[in-house]
Amino acid sequence: MRKSKLIKDTTREERIQIVRKGLSWGEDCDSVSGDMAGIDEMYQPYIDGELELAECNMRAAATTYVKSDRDRPSTGSCIMGR
Numbered sequence: 001m002r003k004s005k006l007i008k009d010t011t012r013e014e015r016i017q018i019v020r021k022g023l024s025w026g027e028d029c030d031s032v033s034g035d036m037a038g039i040d041e042m043y044q045p046y047i048d049g050e051l052e053l054a055e056c057n058m059r060a061a062a063t064t065y066v067k068s069d070r071d072r073p074s075t076g077s078c079i080m081g082r
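Residues in the sequence shown are numbered consecutively from 1, following my numbering.
Because the hints were derived from the structure by calculation, they are not lab data.
We put the beta carbon where it would ideally sit given N, CA and C, even for glycine.
Mixed in with the good hints, there may be bad ones.
[What the hints assert, rightly or not] So the derived label-pair ranges between C-beta atoms look like this:
id	residue 1	residue 2	range
1	1	41	17 to 23 Å
2	57	13	16 to 22 Å
3	48	21	27 to 33 Å
[Stated by the list, open to error] Think about it this way: if two alpha-carbon atoms lie no more than 27 Å apart in a straight line, the pair counts; the simulated DSS-like pairs of lysine-lysine are:
id	residue 1	residue 2
4	8	21
5	21	5
6	3	21
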């Protein structure tokens, strides 16, 4: 059975390890020094217990994807839709 990754079921230290493991960072990673060094800032609210992991991922996805055709850059290279 998997251990819950919800904020209510984890400590701050466990959340740091969850993020590191999810980003394929091991404890032996040379680029990680100290408790928080190198952790992507998008997961900081999860580590701090402010947002669940899924909410951090949804927030990042919402800012990554095009929301409408008006927001889509026009490259002029596609003949579809002309």
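message: Which constraints among the numbered hints does this structure fail? Numbers only, ascending.
response: Per hint list: 1, 3 violated.
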